[in-house]
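Q: Sequence:
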Amino acid sequence: MISPEIAARPQASALGGIDHTEPMLPMELLELELSLEGYAGGDAGFCEAVRQAAQRSGGELLFDLPAGGLIADCRRIAVLRIPDDGSQMRVVLALLDYAGTEIRMQAPDEETAHLVRFADAFVELLERI
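In this note's numbering, each residue's number is its place in the sequence shown (first place is 1) plus 393.
Because the hints were derived from the structure by calculation, they are not lab data. Among these hints, one or two may not hold up.
Beta-carbon label-pair distances, calculated as ranges [claimed, not checked]:
| hint | residue 1 | residue 2 | range |
| --- | --- | --- | --- |
| 1 | P476 | D502 | 15 to 23 Å |
| 2 | A433 | E520 | 32 to 40 Å |
| 3 | F511 | Q481 | 16 to 24 Å |
| 4 | E453 | D502 | 16 to 24 Å |
Each residue gets a CB set at the ideal place from its N, CA and C atoms; glycine is no exception.
Given these sequences and hints, build the entire structure.
A: Below, the structure written as structure tokens:
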């Protein structure tokens, strides 16, 4: 579920085209989060559930990593690229809660902007290969 704290969080400028005064998640994130409602739990299932949800939305899972205290109540972070409402791709985060039972979607913010920069560099490297 989308927590009020996440929904009210300002979204990073790297996402482009998002109205920063609107306290709701973009439609793309809401659709992804709804597609993850049937998640059964566990670290191993997290990666596969997020990968499948990203593919259904026309996007891709870039990588996942342990949260390591980067985000409160978060055990793992998956970094995805999904299409926005135009022809561009945007980076979004899928967060596995600390209990390992629920996945929530989040637009990157100031605290996670470094993950967006890393994801951009990761994609650039893959495109060069």
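Q: For each hint, tell me whether it holds in the structure or not.
A: Hint check results:
1. In this structure, P476 and D502 meet the distance hint of 15 to 23 Å, their C-beta atoms being roughly 21 Å apart.
2. At roughly 34 Å, the beta carbons of A433 and E520 sit within the given window of 32 to 40 Å.
3. The hinted range of 16 to 24 Å is satisfied by F511 and Q481, whose Cβ atoms lie roughly 19 Å apart.
4. Taking the beta carbon of each, E453 and D502 are about 22 Å apart, inside 16 to 24 Å as hinted.
Checked against the numbered hints given earlier, the structure satisfies every one of them.
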